[in-house]
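The listed protein sequences correspond, in order, to chains L and S. Quick note on numbering: the first sequence equals residues 1 to 319 in the working numbering. Quick note on numbering: the second sequence equals residues 1001 to 1510 in the working numbering.
Please note that the accuracy of each hint is not assured.
Some chain S residues judged to face chain L by a derived CB distance under 10 Å, without partners named [unchecked claim]:
# : residue
1 : R1009
2 : T1012
3 : L1091
4 : F1284
5 : I1327
6 : L1330
Pairs of lysine-lysine, BS3-like flavour, derived with a Cα cap of 30 Å [unchecked claim]:
#  : chain 1 : residue 1 : chain 2 : residue 2
7  : S       : K1164     : S       : K1122
8  : L       : K308      : S       : K1068
9  : L       : K308      : S       : K1122
10 : L       : K174      : S       : K1271
11 : L       : K308      : S       : K1314
12 : L       : K308      : S       : K1121
If you are wondering where the hints come from, they were derived from the structure by calculation, not from laboratory data. Every residue gets a Cβ at the ideal spot worked out from N, C-alpha and C, and that includes glycine.
Each chain is listed here by its residues.
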Amino acid sequence: MTKVFTDGLSFALPLLIMAVGAIYSEKSGVTNLAIEGFQGFGAFIGALIAVLLMPVMGNGSQAVIYIAMAGAALGGGVYACLHALLCINFKANQVISGVVINILSVALTAFFTSSANTAISGTSSNKLILGVSTRFSVPGLSDIPYAGGLFKNMYPFEIIIIALVLFFSYLMYKTRFGMMLRACGENPQAVDAAGGDVEKTRWIAVIISGALSGIGGICFAYSLLANFSPSIYLGYGYLAIAAMIFGNWNIGTTAIVCLIFGFAKSGGYQLCIAMGLPSNYSDLFLMLPYVLTMLLLIFFSKKNHPPKAAGEAWDKGKR
Amino acid sequence: MSEYIVEMRRITKRFPGIVANDDVSIGIRRGEVYALLGENGAGKSTLMSMLFGMYEPDAGEILIDGEKVVFHSSNDAAARNIGMVHQHFKLVDNYTIAENIVLGIEPMTRKFGIFPCVDIKKANEEIAELSKRYGLEVNPLDRIEDVPVSVRQRVEILKMLYRKAEIMIFDEPTAVLTPQEIDFLLGIIDGLRRDGKTIILITHKMEEIKRIADRCAILRHGRLIDVRNVADTSIQEMANMMVGRQVNMSQAKDEPVFRDEVLKVEHMTVKNEHHFDVVSDVSFSVRGGEIFAIAGVSGNGQTEIADAIAGLIKIAEGRIVLSGREITALPVRERAEAGISYIPEDRQGTGVVMDFTLRDNLALREYYKEPFSGKGILHFEAFEKYADELISKYDIRSAEESKTIMRSMSGGNQQKAIVGREIEEHAKLIIFVQPTRGLDIGAIENIHRHILAERERGAAILLISLELDEIMALADTIGVIYSGQLLKIAPASSLTSHDVGRYMMGVKEA
């Protein structure tokens, strides 16, 4: 049972940071299906930096992980510029741009990974092997029965993600920038009339979206895979988008949805083990989050209010 | 100090294929209400958009307080204390009134002494105070999506006041208001003038100019025709200058000759997709030779009444009878053939196929019949002949005659095409929904003439309009709709526009 909490949380938090990224982009009025590509590309840059640094800083160095996270944020943010450029400046169809960016990301990172491996080690492997992240338990809290699992065997990145989510909630809901950003996604004309810069705000939002997705990606690379390889494209970017939709584009509710997804996944896995089923059944249980997604879609999609102007390029001349 | 607070000298602005402003010079005095009068496309909005920094003029200069200025954006204009209430409000629907007003210049506070936060409490207090001071009652905590248009307009005015605007531009501010709301707005504008503000009013309604403006500039086809003192100019003179010829302000309307009952609607209820009654228990009848007009504020169920009678939406309860034959369950085409013509509200969405030619659009009601087709094959010569006939009869103007793509035509000519097509059916009942919305005075005159001619012919006419002036000018009988119910049905001669306005607000006893 404690394992359900421990694993659930370590899955839910990277998912949440990606979903927050998606919320930023969509709340500013740019539909974002490119989270999957952002997280993959960000994770690649982070992993590449880690692989390059590990010989210098020592294999067991935990500092590498933090530098890799910063690198992933940077990589995701830079890659997101492509989406911003297409959607905001060239007024391309935002859905198509998102899909293209996802496909491009898979191809680019696969190519760069094998190139990088050839350059570093002479083998054209499609994996960048990462170190292992240490884990820690919060003293006291982790001894609580059951729920203590939430505080047991935590990755350090979980704390960073929680801090980032708090900061970005504050930025979204309490500051002048956040108010402008949300207004951009509802009625960009109003922002323009109030003297705001719609294009700049959207650019910043999309870059934030890429950076946060990149962080989510590198965290998955460390926690789930311990390497960077094409298996980073597991569809969790899309799951983050689903979480955003059920969360009604609100960071608080989206956090709850991510937790539910996380516990459904770890719970399903533990259930499979507890029932003593052969391991090939575990794949069946891993479907749980997706089945849950489909069921929730049926019930929640009607009541949702997506940002009104999301998906529409903003044209200053149009009145 | 210069005589003029705003001076625009020799302004020229071109858009592809059209000169929107051609060498226009105006000067506006401090503290006056200055009206800009002109038809659609005369260039009044373009001129003011340049003063508000949304466009830059191709030639000419703008002076504020005698000082030459160049505006690159509306921010630059706002910095010189210019504010504008746009025709389409620029508000964020799911923000509160206060949030909308302070957007971009929010009062700030620091949480724990470090984190800068928007001080929404202070904003609410400031807005409440401001709204009281200028008599613009709003509740700062209401969300825009929950308040009616008239309140939204107040929010836009408060937005200008909060931003300390001294020069206020109003773009067609009364187009969406009831007579009572117009009175209120004109009162507010008068108050702002007494407060020393300079007001520029863009409009095509002469009555308002007469009531509130000091001076009036008349624009036609992008050129300045004249600037007049309103006190010395009659409404008729203004109208003539605006259109460029003698205008009939009100069409001569003969006494009605009522014939047999054509349309009877009994206890009709229409539900929307949320199973909510948008039309509830409505009963009325229209006789041949009668114009039955439904007045009401937008969104009170009038469009649904029209759609239900034409067969575009199903009714939940009640009966619709056309000349003694029940048509409640008939599909659209059978109703049309039974004798209903329909000029819908959404002319571009429902009335025409925008990417078809004018010729094909004109044949939409007839294409499946002889002589337009036989044995499933279309006869385009017949289409051509019919189109040419209607184009000359209804004065439909376009670049390439019958081959013109609908989308490239002006709104007025699109509407003339629809009206022509529907009238040619010689139907027993013709439903007009917002027939003149967005059209200029020349096109309105044309369409009103056709409506009256059809009444003369003996057709029953159901006219649904948000323009009270139009209803008062044309109707024989008026039904006022409020919240899906017909509150009042009475002969037009027994009602004044203020009576109708009160019923439109839901007041049962006028």
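> Which of the stated hints cannot be reconciled with the structure, identified by number in ascending sequence?
Replying inline: 1, 2, 4, 5, 6, 8 and 10
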